[in-house]
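These are the residues of each chain, in order.
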Amino acid sequence: MSNLFPKSVNKLPLQIIIYLCVLVSIVTAGATYYMTPKYTRVGYAPIQPVPYSHALHAGQLGLDCRYCHSNVERSGFANLPTAQTCMNCHDQIKTTSPLLAVVRQSYQTGQPVPWVQIHQVPDFVYFNHAIHINRGVSCVECHGQINQMDVVAEAKPLSMGFCLDCHRDPAPHLRPRDQVTNLDWKASSPEAQLEQGKKFVHDWNVNPPQSCSGCHR
Amino acid sequence: MKRQNFHPAPSQRELHGPNYWRSLDELAQTPGFREKLEREFPAGAETLAGVDRRHFLQIMAASFALGGVGLAGCRRPEANILPFGKSIEGFVPGLPVYYATAMPQRRIALPLLAETHQGRPTKLEGNPAYEPHGGSTSLAAQASLLDLYDPDRATEHTQNGNVLAAAAVADLLAGIGAAAAADQGASLAFLAGASSSPTRARLVGALRAKFPQARWAEYEPVADEPPAAASQAVFGRNLRPIYRFAQAKRVVSIDADFLQAEAGSLYYAREFAKGRRVKAKEDPMNRLYVAESGFTLTGSMADHRLRLASSRMLGFAAALYAQVTGDHAYDALAQGLELPPGWIAECAADLAANKGQTLVLAGSHLPPAAQALAYAINAALGNLGATVQFVEPAEPAALGIGELAAAVRAGAVKTLIILGGNPVYNAPADLGWAELQKSVPQVVRLGYHRDETSGAAAVNLAAAHYLESWGDGRTLDGTVVPVQPMILPLFGGLSEIEVLARIAGEANADPYTLVAATIGGLAGGDGAAAFQRFLHDGLLAGSAYPLVAADFNGGGIAALASAAPAAAAPSKSSLEVRFVADNKVDDGRYANNGWLQECPDPMTKLVWDNAVLISPRLAKDLGIQSPGAMLQVARDETENFTKGKEGAPLAELTVGGRTITAPLHIQPGLDNYTLIVPLGYGRTAAGRIGTGTGFDAYPLRTAAAAHVAGGATLRLTGERLVLANTQEHWSMEGRDLVREANYDEYVENPTFVKEEGMESETPPVLGETGGSLTLAEQAAQIPRGNSLYVTPKFDGVHQWGMSIDLNTCIGCNACVVACQAENNIPIVGKDQSIRGRVMHWIRLDRYYSDGQADAAAFGGEGNRATPEDPQVSLQPIACMQCELAPCEMVCPVNATVHDEEGLNVMAYNRCIGTRYCANNCPYKVRRFNYFDWNLRAIGSFYLGPAGPKGMPELVKMAKNPEVSVRMRGVMEKCTYCVQRIENGKIQWKVKSAQAGRPGDVSVPDGTIKTACQQVCPVEAIVFGNILDSGSEVSQAKARAQDYELLGYLNTRPRTTFLAKLRNPNPRMPDYNALPLSRVEHDRKNRPAGFQESGSAPEAKPPGSAMATGPDRLGGLS
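Chains C and H supply the protein sequences, listed in that same order. So in this note's numbering, spot 149 of the first sequence is number 149, and the numbers just go up one at a time. Take any residue in the second sequence, count from 1 to its spot, add 10000: that is its number in this note's numbering.
Just chain H, same shape as in the assembly (with noise of 0.2 Å):
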């Protein structure tokens, strides 16, 4: 049948336009088209109907480029670029702009160095200008960034539910000035957080002059910073220690978490590392005793760690200073102590050998008497002035919430501002605050969440976050640091320093002139040089506290020790309960922090969740760890773990009479019948990730027992409670993943390393001759071994690589969320990380090991029970960057491919999915988006299309513009921050060439640093170009305990580790000839060699294990 085509009577249009239009009918006439045509030509869509032929040919000129046979749907989108309408100085738009900041944090402020992109701060790192730091920067202060972009921050200025507009909040403050002046203050009151900022201690000031009758009263829930009463009472005076822990051979830390919790930690931190840092074998090592009841990371650090229930530190520390002075007037302080024989005396012992480079200290919670002995035992050692340095810090005196309360109980107060903070959340349990703030007639508050508190205040003023803040702080040793806005504030926000400041009636409460007033009284001279001088450098020269020499006087101990509670020792019937700030969330101010919450903690790896943490002891006495428990999850289901997830038993908390619910979580290392309750969770009020995320141990804690409380009772309940646990492993079963030796063992035999795992057993894996080049050289020629696989050219002019010393590194998690921030990692929220979808590019493994848990297969009881006293060891995991990787080969698409610079590379656009790469990683660091964790809500991911779709447009501020933002069905994995690496090559071959010298193109050491490098407080991640033997990394990797992970596989990773080293005394009951971990390992895999602790073990030749043979070893460089 003969087809006859009918086609539509040509239109007027298509008369007159060109032939192939005729084809095109329907798509000129489609909306889509039209929409086109009037975004692109908007002069000209008007005119479409009814134009003549000249006009439409030329509106039609464009559309020829569309190519348009039907293809204009399959255009990319179009874009506009909108530049500015007037210029702006120094702001060239793609490249970051850096301004020193700082993030107060109680009483010390941390320099930092805050990155913006196109006018908002993308990422923060370390002021490297404050020497002190270096340049690092904290776990808190990495996550802080996030704070500034969450979406449940205040956004306006309410009064009883109505918005108030910036006139009318400056109107109610000067009007609560005005009045207060009636009466000098004396119905007016504050209460407000710890700050160190000049410019409010002088608004302080001024409002004490202006209204002295006004009631200033300060509250922090978390103790980091030793009370006032022990320094009074032994130096007379309100000084500050100041530990130099670098110039310290020998540090006793009683039940002070100094690396993690305490003020001053950072510098802390990087002092000890300087210590504890071995290059070489003639490097000494500092040791470190530790007394605690948790298991902190300093714990985790410790040479000797003792376990103790925190009320009977005060003993411990009295029966410490009697065996060093020999004074034995607060015996009866010791009394009931139970402790190893001969612990304190070898320790004793020590200290003396190391006279004057010793430390003792103290924790900030234990009871004036405790910091007071321990500052005696320092004096004695000789210590003051050299490793014990005081300041004496200027700040303004304060009440405590508990007089304040008083005075509102009393009707005394009739206006309270309240700055900050959190009181209804966070008071003492006993002062019952909520009801007594609702009691207060006007009560206005300044928060940055409409959280527990705002509930309570009528008035509520939105605060600014400190990164859109004018403000200024000091650190530790009281240099001044400037905290300077990177952005305005975004919903208007108010700092503490304009509420004073209108309150105070100053004349200018700008904020910036505020604190240029400060700076210019305190630098003197020219104020307006001196403080642009200070917002460039991100500090002031020379304006840190003045060393006080302390005079010591024992004196005062005797009545601080008759005022110590007395302590009986905690048991199965009557525990002890030590409140601790949550390493993430700290005192629950960082509650709605997703990077935060889905951050593991250190030692425990919970993530979005707290637990009540019991010791394995414990556990046993309540029947929550049935006899026969495996440890290894993967081998064994039991009641606590099943199919890998974590089932805590749920039980009843009660202390002093006052009751919780909460989960269990048996942590191994605890004081027997201490518990360990995090605070800052289980928040009402605390925006979309906080709210009932976790327990609230607030209601359990009274004043008097603020730290440390008594007589607490567990009932189990009976039901169970999923936590979201990232790392159920408690052993390495025996394999060589963390290298450890004694430090004694380190100085006889340098390549231990060399001795263990399976490089010392399989034949050199790169061969005979590969083994003997250089590093550089093994880099460039890659020595084949016996490989059959073809290996990409590195005819780079760099090749990367990267070092990490397990021996500094102290688990702070920093890097894990400054890679999570600087790589626009998403979180993904708790019911994926049960999942095991963490998606963190660096993860930090934490092993416990006690020596005994093969031992069923060697005889013994061993790993039938949880370890009590274990060691610990910490490795952060990223991707090795092999040289021959094992997922590049098996990638389908190719997605994943090696550079000429030895970086394994991820393209994720031609990413399918497959997940093959990760399934081959024997590192398994590769994280695969299993849903679109930015697109689609938490919770709400099964959904998919059907769910709430979208992140809200401050989320996505914090996205760094400089890395892609990956999408649902894509693996990624750490990159060795190849945008900085790209980026820093691209600045320098541009510096080289507009100098004059565009050969210059091999990137000087240390210029690139990955995030995880940049914020190390300890300098434990080094990362550099390899090819040049001077640079850091090179020296690093050819220290003798340099060793690759899982190096057998032929992997050739470019990120090698340093070995751990533990430096026990040989002398002490609990020393162990060798680290616990080698035990298991060595037990397991040299059976024939291995000899029980209690000496050393000889220095066994390689390979004995195996059959004779040639020596196999060969040239391992």
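Only chain C is shown next, with the shape it has when bound in the complex (with noise of 0.2 Å):
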């Protein structure tokens, strides 16, 4: 019988192989860059329903972060401020701005702003901000330059890996506790930072849970 097939064909099989081969790994370097927190999370900046400015208030004019997310220290969740925060200055100063329309608004009837909430975690996980600000763990850490940011962004992914990267090795990520904070500290240098790090986990017993029960209840 005379060839069905021209020869060509012989190379099909391999060809396809490597095609797909190709193929896989392609998609899996886009799956891994594309789909990851590290891209799909990071440089999520939502528009707010009042154009609050951390770089304003946090940086310029310098209000600590607990002054507003005054929990933060007390509870697992870290509050946004309620209307009649705001109003602690603001009943004084541009009280007639319309950027603050929703705000004042809020204090009057109760209603609340609906913030679109930025930071989340599955509601599998319990994440406690308490027992990381009362340690030594910056808000810098996770949520990044806050005091920098006109709008938040979303500076780190706040996958899995990411806490675990610190919680295996929280020695890079500690400060002193008054310093907490003061989103502009650095230690005197990378060294510095690592020996005092080390010292700290010492001093506080820092052993951050590294199995599942940590976080997942």
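Hints listed in this document are in silico derivations from the structure and should not be mistaken for laboratory results. Virtual Cβ for every residue (Gly too), placed ideally from N, Cα, C.
27 Å max Cα-Cα, derived DSS-like pairs, lysine-lysine:
no.	chain 1	residue 1	chain 2	residue 2
1	H	Lys10279	H	Lys10355
2	H	Lys10645	H	Lys10605
3	H	Lys10249	H	Lys10279
4	H	Lys10991	C	Lys198
5	C	Lys94	H	Lys10086
6	H	Lys10959	H	Lys10924
7	H	Lys11009	H	Lys10793
8	H	Lys10620	H	Lys10572
9	C	Lys198	C	Lys186
10	H	Lys10605	H	Lys10620
11	C	Lys198	H	Lys10793
12	C	Lys199	H	Lys10793
13	C	Lys156	C	Lys38
14	C	Lys199	H	Lys10991
15	H	Lys10830	H	Lys10645
The following residues of chain H were derived to be distant from chain C, with all beta-carbon distances above 12 Å:
no.	residue
16	Lys10274
17	Ala10406
18	Ile10487
19	Gly10492
20	Ala10704
21	Glu10733
22	Ala10958
Using the hints, put the two standalone chains together into the complex.
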């Protein structure tokens, strides 16, 4: 019988295999790059109902984080300020500004300001702020340089890998407890940070949970 | 062929936007994207059409971060954070707030601490400030939380079906008061349940003062307190006894279920356990004699148990009285009583040998003569003032429902106010209450549900739950406790005191003001400060009733004795019916509570149903227990059990001319011809869970025979009803699951547990060296024995462990529902329960033993019939948190791992539902979510997505936000309340850091309590850090009778048990040298050394049944 297929088809299985491998690796690489939290979450900066600028309030004016996020040292959930907290100043400053209309309305009617949540972890993850703030982990480690952001964007992926990187080696991320909300604080050198961090780990018995029960309940 | 690409012509937008938007053309125009756009940019959405580039870029800025290559649909859902407008003092989102409150339960109140999350209560605990309860609660209190979130509760006030506004209700009630004033209240009547509230008492007094002719009636179908007539007869006053079980060395219970059913059972259980607990061999142990007709939890704790019909209890009391005092005045009552010879004599002798430290009590349902005789026996034994003390509760006089019915029948009542209760459902059947109620011209009913009574009332007011009301109550000893609301009434419900106040025309009917006034009056001095203190503490200090010195006068007994109903022994043709309040749904009030319906009955292990309990003798007589029936379901099938499902025969039960149809369940340990009929089921208007569940026994109940009725007959109908029985196991099959010994054997040989079980025959679990380490060293260093598996490093600051004392566990099931409330455990419904899919993380295993189970193997006739008079052993089982967990080794996706502190941890999001872990668990403590129990409605699981979806918003509020709610396909199990552990550690570390001691990270003992531990009234469950040798759990594990369950499997469980001890009297006729479960075990496992009962076995050398060899017990600690 004559050849049914041209000779060039002999190469076809090999070509298919190679193409498949290339395709799979492209898809894998693409997914790893584009579909992991480092890409999908970092930079997320939704528009908020009130154009609040951390750069102005926390940076320029020097408000401490805890003035508004008052329960960050007590509770697992770092609260957003109530409209009353805003009105503490804004019933004297910029009292008629249209940008603050939503806040004033919230204060008067009790209707909450619908802030869009930026930093989220899944419902089955239980993150606790108080333990981190009280144990020398600064806001900047997870939230980035908030005091320089006009619009808050998610600075870190907040994936499980991100959390474990610190939980497995907390020394590079610890600072003196009174500098936790000082977002501009830096150790004098990377070596100093490590040395200080190790000392904190030892003195404070820092032993962050690495097994599932630490965050998954 | 060369491809040609045809791109659509670029739009205006594209030409002005950046290049890469070309490929996102479709994306920019899909509705989903537009929707997302609109959600995120409320201001910018309308500017999308026809906008200039700068604006457009601003709007699109955020979309860059969306990872715009088509993954916008992969984003996690948008969420909003909604802070308050005005700040709320003391409100910290994320931290629970605790309020002291109390649960009213007939004539007493249970002090509670309610844990609220974000303004709603999610868990109830006992108030530790009230020392007699020590912070524990009962099963009913734990489950009452779910009632608050009952989607079937009444949500509006109605009149003839039309909704009434709050103002209209106020007018209506005021109008009633005004109308009643005209005739001094002669045509006004009230019917309420019992209550201990001083405020209600005060208002009733005000009503009486204003309307002297009005009738106030109280009705409770269940009798949980001794009748007043008894105390009146012998003390001349209406006194309430308070029993001090902790001081009693010998207790005789005459049909009194003081551990579960009687009022004050929580306090009594706790006190009884103090006498029961044995920490060292020098500790004494109390002894309990019980005479009962059913098999109650009190009976399960008994060292000597006599099965006797309830109608004969009066005779028993008379016989005991005669034996103790030598006074044969009431011997006529004991005529015809057939008791095992010597039972009463030896019992009385034992009592006499412990004068002043004994206790005799009679059940509240018995005729007053029985209680009077019990008081007489106590008086003769010198117990009055010592183990039996009295208080005089101040309660307003009330009519009974019979007297009220007579008034209604006579046409004297024109306005009837029904407060709570459910008389149409549970009034005595011979009253014909439903018709009577309909005959009253104006009926106003305050009810929590739209139930049977609501159907016969024109005006229905929605009641508020106690968790959303202001009120007060008194505990057993009279301490005043507050009822505080955790939340505003969800549906504008009214409380009892508000209704009464409005009718009485009080100026201020606000319940808060009413309660404050009452407390101010009781406290004296600065009323407002006292009230604040009262609300904070959860009790009013010093408000307990003073103890009353009671002068016993036996002269009144004769009158009671002659008034007592005559009793003939029940027989096959004339059975006796004992009506009992169900262990779970009480008199029917909790019928719509899913947690209680699914909680297995402590003895029968039935869920979602009630059944008439019959004795094995009667079953044989009826022919429904065929000869040769095997006990173990797995081995054989009988008519009653097919494929593991109980098919109960239906029968017609006729009492006094009234008939109902009910399933029969064979219950070992009953008096031969007594039927136990649980009340509270078969409701017709209870809501989605309670309606149609079980059968209604109230139609059989008449006022004269409300608790015990004779002359009953049974007729089988030939049909069967499948009952959901969650434990058919009637035997431990000779294994050493519950290890027991008699107290005498324990004193002689405290380490008897080491000689039981496989560990005495197998190589030492921890190896030669490991066994000699201390508990703390073992936990941290994990001696390997000969294990091949890599074990995790236990280097955490704490190592958690738990000890469960089987000697004190009374089987109340409070731990089961507490765990359910704390951990968001769903209910599954009757059908799934039959399939064995009940989700409780902690279960209570109940075993019967009569020593005959495997007798067939030894030439006896045993195991051929259900035991008639067995002993019961109870064992709570939750995840053992094994150090070498069999479940961890087999998970293909590593969803269950071990953490550094010894917990076996479950990561729900990783689980793929293989169920291999549950297969491998030897304790069978893992539970699988076969369906999404939360999302799908009970009864429609198999419809899947085609069925109704979603959980009512109200029920979602009951969930504890600290614990994940699991979805379909995920395995779950007890986690030692890991949320409490983590929160406890966090709070401790935060506290230490803020106090300047950041290095202090070890949580002190007792700070972290698991839900089951916190709720247990007898402190049977102890949890803590085993690295700390001074912690309570370390001390418990150091006791001689500590053992591991199935320890020879080398699982190294962190939960260990303390063996059960029984303290029988060697002189009693039913004395057994070994607990009957030991007889099964010893006979099977060491036949060579086994001795028949009658004498205590000599101490056997360890491993005697095995071949010779070196002593292999090594140094087991």
